[in-house]
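Asks: Full structure from sequences and hints, please.
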Amino acid sequence: MVDYRVYGSQGPPVIIVHGGPGIAGYLAPVCRELSDCFRVFEPLQRMSEGEPLTVAQHVRDLHETVIHSCAQSRPALVGHSWGAMLVLAYAAAHPGIAQSLVLIGCGTFDAASREMFRGNVDRRMTPVQRAHLRRMSRTIRDPDVRMCAVGRLLESAYSYDLVPHRDETEYYDSRGHEESWADMMRLQSEGVYPAAFSQIGAPVLMLHGLHDPHPGSSIYEALAHVIPQIEYVPLQWCGHYPWHERHAGAEFYELLQQWLCWHRT
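Quick note on numbering: the working numbering labels position 30 of the sequence shown as 30, and the sequence is numbered without any gaps.
Restraint ranges, calculated between C-beta atoms of paired labels, are given here: (1) His63 with Glu190: 20 to 26 Å; (2) Pro127 with Ser9: 47 to 53 Å; (3) Asp167 with Tyr253: 16 to 22 Å; (4) Asp3 with Met136: 25 to 31 Å; (5) Ala182 with Val128: 29 to 35 Å; (6) Val2 with Cys261: 23 to 29 Å; (7) Arg130 with Glu190: 30 to 36 Å; (8) Met185 with Ala131: 27 to 33 Å.
Treat the hints as calculated values from the structure; they're not laboratory data. Here a beta-carbon is modelled for each residue, glycine too, at the ideal position from N, C-alpha and C.
Replies: Spelled out as structure tokens, the structure:
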């Protein structure tokens with residue numbers, strides 16, 4: 001079973017699923033914020049070793065965490081970015097287990113949305129950032145270190161107006177990132193996702209910053225065809241990391257906590 005961290009000692013269970021893939025631990029601030037009212041579990045997704053990582057393996061790992069930590073009640077699943085995609089895959093594979101789902105800055109499920117995402121990031125990059133990217137590709141040999149450096153360099157392109165904050169990432173796994181994302185792309189190309197999400201009966205909330213380069217309205221449209229109960233709430237003055245946003249952070253936490261309280265076990 002993968003490692004997971006626990007926050008809080010009482011309240012309904014909430015499982016917080018990080019993105020990347022291959023970037024574990026950065027959602028600690030969200031976990032701490034929720035821990036006053038909920039018992040929060042933060043699984044740290046497995047790193048690549050041996051056989052290539054797959055979506056199915058991540059789903060199995062998440063199910064083990066759910067069974068081990070929430071045997072007596074149905075948890076809410078909260079996923080960010082790739083983690084939002086993973087909780088959808090999990091809820092489709094195990095319908096009836098999740099009390100509710102929250103998708104924060106969800107990733108893409110079609111080629112058109114991915115093209116919009118890439119275009120948004122490209123338009124926001126400055127000449128200085130482009131120069132730094134070229135230099136990193138030549139000078140940083142370790143792929144995990146390079147993944148970290150690129151993520152920090154491009155944080156501003158994904159955001160609106162961030163408050164100063166500490167990166168609490170536990171580890172970067174570039175190989176796991178590539179393997180997991182390649183399998184997600186395979187499943188989408190074969191038509192498995194998002195079609196399989198029609199099995200999800202739980203209520204679903206999509207919180208998405210209007211300044212997130214991932215095109216929220218396009219992603220919502222793709223999901224709404226198969227998840228008719230999904231609710232889409234766009235956040236003004238907000239990018240991909242709403243909990244760090246100066247103008248949207250308070251609203252984000254209020255909406256998240258309200259939803260989890262309304263749909264508690």
